[in-house]
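Asker: If you want the building blocks of each chain, they are given just below.
2 protein chains.
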Amino acid sequence: MKPIQVGLLGIGTVGSGTFNVLTRNQEEIRRRAGRGIEITMVADLNVERAREVVGDRAQVVADARQVIANPDIDIVIELIGGYGIARTLALEAIAAGKHVVTANKALLAVHGSEIFAAARERGVMVAFEAAVAGGIPIIKALREGLTANQIQWVAGIINGTTNFILSEMRDKGLDFEVVLKEAQRLGYAEADPTFDIEGVDAAHKATLMSALAFGIPVQFDKAHVEGITKLQGADIRYAEQLGYRIKLLGIARRQAAGIELRVHPTLVPSKRLIANVEGAMNAVMVQGDAVGTTLYYGKGAGSEPTASAVIADLVDITRLHTADPEQRVPHLAFQPDELHATPIVSIDQVVTSFYLRLRVADQKGVLAAITRILAESDISIDAVLQRESAEGEHSTDVIILTHETVEGRMRAALTQMQALPTVLAPIVSLRKEELA
Amino acid sequence: MKPIQVGLLGIGTVGSGTFNVLTRNQEEIRRRAGRGIEITMVADLNVERAREVVGDRAQVVADARQVIANPDIDIVIELIGGYGIARTLALEAIAAGKHVVTANKALLAVHGSEIFAAARERGVMVAFEAAVAGGIPIIKALREGLTANQIQWVAGIINGTTNFILSEMRDKGLDFEVVLKEAQRLGYAEADPTFDIEGVDAAHKATLMSALAFGIPVQFDKAHVEGITKLQGADIRYAEQLGYRIKLLGIARRQAAGIELRVHPTLVPSKRLIANVEGAMNAVMVQGDAVGTTLYYGKGAGSEPTASAVIADLVDITRLHTADPEQRVPHLAFQPDELHATPIVSIDQVVTSFYLRLRVADQKGVLAAITRILAESDISIDAVLQRESAEGEHSTDVIILTHETVEGRMRAALTQMQALPTVLAPIVSLRKEELA
Numbered sequence: 000m001k002p003i004q005v006g007l008l009g010i011g012t013v014g015s016g017t018f019n020v021l022t023r024n025q026e027e028i029r030r031r032a033g034r035g036i037e038i039t040m041v042a043d044l045n046v047e048r049a050r051e052v053v054g055d056r057a058q059v060v061a062d063a064r065q066v067i068a069n070p071d072i073d074i075v076i077e078l079i080g081g082y083g084i085a086r087t088l089a090l091e092a093i094a095a096g097k098h099v100v101t102a103n104k105a106l107l108a109v110h111g112s113e114i115f116a117a118a119r120e121r122g123v124m125v126a127f128e129a130a131v132a133g134g135i136p137i138i139k140a141l142r143e144g145l146t147a148n149q150i151q152w153v154a155g156i157i158n159g160t161t162n163f164i165l166s167e168m169r170d171k172g173l174d175f176e177v178v179l180k181e182a183q184r185l186g187y188a189e190a191d192p193t194f195d196i197e198g199v200d201a202a203h204k205a206t207l208m209s210a211l212a213f214g215i216p217v218q219f220d221k222a223h224v225e226g227i228t229k230l231q232g233a234d235i236r237y238a239e240q241l242g243y244r245i246k247l248l249g250i251a252r253r254q255a256a257g258i259e260l261r262v263h264p265t266l267v268p269s270k271r272l273i274a275n276v277e278g279a280m281n282a283v284m285v286q287g288d289a290v291g292t293t294l295y296y297g298k299g300a301g302s303e304p305t306a307s308a309v310i311a312d313l314v315d316i317t318r319l320h321t322a323d324p325e326q327r328v329p330h331l332a333f334q335p336d337e338l339h340a341t342p343i344v345s346i347d348q349v350v351t352s353f354y355l356r357l358r359v360a361d362q363k364g365v366l367a368a369i370t371r372i373l374a375e376s377d378i379s380i381d382a383v384l385q386r387e388s389a390e391g392e393h394s395t396d397v398i399i400l401t402h403e404t405v406e407g408r409m410r411a412a413l414t415q416m417q418a419l420p421t422v423l424a425p426i427v428s429l430r431k432e433e434l435a
Numbered sequence: 000m001k002p003i004q005v006g007l008l009g010i011g012t013v014g015s016g017t018f019n020v021l022t023r024n025q026e027e028i029r030r031r032a033g034r035g036i037e038i039t040m041v042a043d044l045n046v047e048r049a050r051e052v053v054g055d056r057a058q059v060v061a062d063a064r065q066v067i068a069n070p071d072i073d074i075v076i077e078l079i080g081g082y083g084i085a086r087t088l089a090l091e092a093i094a095a096g097k098h099v100v101t102a103n104k105a106l107l108a109v110h111g112s113e114i115f116a117a118a119r120e121r122g123v124m125v126a127f128e129a130a131v132a133g134g135i136p137i138i139k140a141l142r143e144g145l146t147a148n149q150i151q152w153v154a155g156i157i158n159g160t161t162n163f164i165l166s167e168m169r170d171k172g173l174d175f176e177v178v179l180k181e182a183q184r185l186g187y188a189e190a191d192p193t194f195d196i197e198g199v200d201a202a203h204k205a206t207l208m209s210a211l212a213f214g215i216p217v218q219f220d221k222a223h224v225e226g227i228t229k230l231q232g233a234d235i236r237y238a239e240q241l242g243y244r245i246k247l248l249g250i251a252r253r254q255a256a257g258i259e260l261r262v263h264p265t266l267v268p269s270k271r272l273i274a275n276v277e278g279a280m281n282a283v284m285v286q287g288d289a290v291g292t293t294l295y296y297g298k299g300a301g302s303e304p305t306a307s308a309v310i311a312d313l314v315d316i317t318r319l320h321t322a323d324p325e326q327r328v329p330h331l332a333f334q335p336d337e338l339h340a341t342p343i344v345s346i347d348q349v350v351t352s353f354y355l356r357l358r359v360a361d362q363k364g365v366l367a368a369i370t371r372i373l374a375e376s377d378i379s380i381d382a383v384l385q386r387e388s389a390e391g392e393h394s395t396d397v398i399i400l401t402h403e404t405v406e407g408r409m410r411a412a413l414t415q416m417q418a419l420p421t422v423l424a425p426i427v428s429l430r431k432e433e434l435a
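Line order of the protein sequences matches chains A and B. To convert, note that position 79 of the first sequence is 78 in numbering that gives the first Met the number 0; the numbers rise steadily by one, no gaps. To convert, note that position 149 of the second sequence is 148 in numbering that gives the first Met the number 0; the numbers rise steadily by one, no gaps.
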């Protein structure tokens with residue numbers, strides 16, 4: 000059988016990796032897929048760079064539409080990124096009857112419903128394993144491996160840049176800004192790191208996982224997103240003393256009122272495997288009612304790890320593209336007619352426990368006033384850590400760990416505590432998850 | 000569309016879990032699979048017990064052949080276990096045109112080639128996610144998630160009983176026999192634990208993973224198998240001091256001479272995630288040339304975790320059974336005509352580093368004699384730990400960590416060292432893997 004022909008749109012880091020791995024492992028991949036898979040055409044505005052990568056092994060063009068218009072191309076890989084031209088080209092490729100593989104989480108988290116509907120209409124597949132956690136086959140685990148389960152929650156370290164920064168802050172006791180510069184120097188953070196450090200990238204991925212886990216549409220606009228830019232070294236150290244590490248987690252959780260969808264720095268017990276995922280590595284925990292806790296770990300970014308996921312999608316499509324479209328694995332794990340309108344709850348309704356750090360005057364009755372507010376708010380305390388004030392100082396840190404509560408209640412209590420004259424600085428509050 | 004009808008052969012622990020999860024989550028599963036999935040017929044010699052589980056929701060019979068003969072049944076789940084009647088029934092179900100789902104690693108590791116060939120011939124699927132690492136979708140990861148890669152090695156904690164025993168030995172400083180009894184009392188070990196503690200169960204699973212990873216036939220008879228029964232507490236403690244933990248690993252590794260396939264107690268660096276997998280949990284590491292290191296963690300046994308994998312297979316089959324049989328995902332990851340005869344190397348050819356414990360006379364020149372033998376054997380030393388002999392004692396322990404070497408060379412050196420008059424007891428040698 001002649002090889003399946005693939006067109007590649009965008010040959011930057013991941014695109015080069017995809018081309019190189021597909022070439023290097025072509026024999027191994029053919030033995031698995033039952034048919035050769037070849038990138039025969041590449042579109043990139045930087046034609047020179049593209050030629051450097053592919054040599055004479057593929058046709059290089061500047062115009063992506065030439066690839067889409069080529070009737071010999073069966074699958075189009077979209078690695079341009081962003082919401083703009085990538086959306087247009089993905090839709091055009093689908094309209095032309097091409098299967099589409101993409102690593103573009105931003106595109107799918109925001110325009111996924113439109114794209115999946117178009118693909119269904121046209122009878123083609125859209126595959127996106129590379130969009131979440133790079134080379135880790137987490138999409139496949141959620142969509143196929145855990146189908147027996149009512150999934151209860153998904154929680155992941157799904158942004159390598161921020162995990163690298165947090166690991167360095169903890170290991171070396173450095174501040175955020177210093178580590179960010181180092182990460183940029185090492186290539187772990189981009190020149191404009193906003194999407195990473197503000198949690199937007201993780202929220203795109205958490206949005207995709209929420210759809211796969213719970214059978215709801217992608218709803219990035221409903222996600223609660225906090226990054227790590229305000230995180231202070233002091234809180235990393237206090238957390239450590241209390242047996243916790245701070246990780247930027249993307250969380251999707253089913254609760255009585257609906258689905259929680261949120262990204263924020265989170266205290267996690269140090270003894271959990273996920274707390275020990277260091278550097279730029281990714282890991283996702285999935286809790287199902289039958290399987291219990293599972294965890295998936297690996298490289299979440301980079302040229303070849305991401306290419307690994309892109310190519311897995313190519314093999315899936317090669318193996319399955321002759322199947323009746325109605326009988327394929329559905330894009331979002333649940334059949335398209337079976338998505339539910341389960342609401343995504345507002346952050347006020349989210350249930351977590353909390354870590355609080357209060358800078359307080361070193362005088363009698365301070366702790367009593369604070370704990371009274373918490374008690375009156377029906378928030379119970381798990382642990383208190385009070386530092387002796389240093390010699391000559393008249394203020395000190397009080398750290399409180401609470402049991403689970405509804406966030407709205409905690410916010411009201413925080414307002415009251417902040418108003419106490421003995422509370423001398425803005426209270427730091429961080430969410431804590433036991434992940435048990 | 001009417002539900003797909005499933006017949007269940009054997010309703011013990013996993014069978015009950017499968018029936019219960021399928022009933023409890025039927026709506027969620029239908030939304031994913033696009034069609035209801037119902038166990039309508041159950042065969043078990045213990046008809047009473049079967050009736051207690053299924054009530055009047057399925058027909059119960061004593062004779063498995065009645066299930067296979069039922070033309071309404073699309074899929075047969077084999078949960079009888081063992082190599083005997085399970086093999087006969089699986090082949091009969093295939094011959095009757097039923098898809099087969101099984102958790103039976105022993106059956107597939109030994110008779111897999113025959114069973115997969117029969118299934119191919121008849122155009123049906125044989126699915127076995129539950130056969131390795133319980134609820135962890137590791138078969139799917141190897142067969143579909145990592146298809147881009149030349150897989151370099153797979154190493155897993157794939158037997159919960161032995162991992163529980165090793166965790167307890169380390170935590171509580173207890174001896175093997177004591178912990179085994181405790182494990183039996185808690186239900187983590189069977190009344191006859193031979194298959195678990197001698198490494199046979201892990202070897203069945205490693206055999207399956209070797210086929211999936213490297214595109215070779217299942218060859219259980221070529222596996223090197225060592226259990227944990229001879230492991231001593233002293234070595235667990237010395238390993239700990241040197242920064243290692245001892246785990247029973249199933250390893251399949253590609254090297255120049257062929258494929259290594261082996262199960263044995265192994266020193267693993269304490270800082271690796273897999274070293275921190277405790278109790279009855281399972282974890283599998285997979286190293287691919289593109290993706291790098293990935294890890295999959297979860298419950299490797301138990302009623303509902305294993306049921307999770309069985310049902311995932313049911314959903315896969317339900318989603319894909321209308322596909323052209325030639326276009327389905329191949330049973331062993333590689334297309335059946337594309338398996339290679341890469342040899343499985345003998346244990347003498349295996350390459351690892353070693354931990355050695357020698358009980359030696361406390362006198363001059365002892366260490367020099369030992370290190371000379373190693374040097375002459377071209378085995379280089381990574382670290383030496385020598386205990387001061389206790390007051391009044393005239394012997395002491397010397398611990399040596401070596402760099403990588405071919406096992407045959409180490410065995411020869413061990414024979415020489417054992418012959419030294421200053422070596423007072425049988426030398427303990429354990430393999431060590433950095434898993435980096």
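None of these hints come from the bench; they were simulated from the model. Keep in mind that the hints are not guaranteed to be accurate.
Identical chains share a label here; the pair holds if one copy fits it or two copies do between them.
Unchecked claim - Calculated pairs, SDA-like style, for lysine to any residue (alpha carbon to alpha carbon, straight line, at most 20 angstroms):
#, residue 1, residue 2
1, Lys221, Leu338
2, Lys363, Val383
3, Lys270, Asp170
4, Lys1, Pro324
5, Lys1, Asp336
6, Lys171, Leu241
7, Lys1, Gln326
8, Lys270, Gly242
9, Lys180, Arg23
10, Lys363, Ala190
11, Lys221, Gln348
12, Lys270, Glu239
13, Lys363, Glu91
14, Lys1, Glu337
15, Lys270, Arg23
16, Lys1, Gln334
17, Lys180, Ala190
18, Lys270, Ser166
Asker: A separate judgement is required for each hint: does it hold in the structure or not?
Answerer: Here's how the hints hold up against the structure:
{"no.": "1", "hint": "Lys221 / Leu338", "in the structure": "within (17 angstroms within a copy, 48 angstroms between copies)"}
{"no.": "2", "hint": "Lys363 / Val383", "in the structure": "within (16 angstroms within a copy, 57 angstroms between copies)"}
{"no.": "3", "hint": "Lys270 / Asp170", "in the structure": "both (17 angstroms within a copy, 15 angstroms between copies)"}
{"no.": "4", "hint": "Lys1 / Pro324", "in the structure": "between (22 angstroms within a copy, 19 angstroms between copies)"}
{"no.": "5", "hint": "Lys1 / Asp336", "in the structure": "between (36 angstroms within a copy, 17 angstroms between copies)"}
{"no.": "6", "hint": "Lys171 / Leu241", "in the structure": "within (19 angstroms within a copy, 24 angstroms between copies)"}
{"no.": "7", "hint": "Lys1 / Gln326", "in the structure": "between (25 angstroms within a copy, 15 angstroms between copies)"}
{"no.": "8", "hint": "Lys270 / Gly242", "in the structure": "both (8 angstroms within a copy, 17 angstroms between copies)"}
{"no.": "9", "hint": "Lys180 / Arg23", "in the structure": "neither (35 angstroms within a copy, 51 angstroms between copies)"}
{"no.": "10", "hint": "Lys363 / Ala190", "in the structure": "neither (49 angstroms within a copy, 62 angstroms between copies)"}
{"no.": "11", "hint": "Lys221 / Gln348", "in the structure": "within (13 angstroms within a copy, 57 angstroms between copies)"}
{"no.": "12", "hint": "Lys270 / Glu239", "in the structure": "both (11 angstroms within a copy, 17 angstroms between copies)"}
{"no.": "13", "hint": "Lys363 / Glu91", "in the structure": "neither (69 angstroms within a copy, 81 angstroms between copies)"}
{"no.": "14", "hint": "Lys1 / Glu337", "in the structure": "between (37 angstroms within a copy, 16 angstroms between copies)"}
{"no.": "15", "hint": "Lys270 / Arg23", "in the structure": "neither (40 angstroms within a copy, 32 angstroms between copies)"}
{"no.": "16", "hint": "Lys1 / Gln334", "in the structure": "between (32 angstroms within a copy, 16 angstroms between copies)"}
{"no.": "17", "hint": "Lys180 / Ala190", "in the structure": "within (9 angstroms within a copy, 59 angstroms between copies)"}
{"no.": "18", "hint": "Lys270 / Ser166", "in the structure": "both (15 angstroms within a copy, 15 angstroms between copies)"}
Figure legend: structure checked against the earlier numbered hints; hints not met, in rising order: 9, 10, 13, 15.
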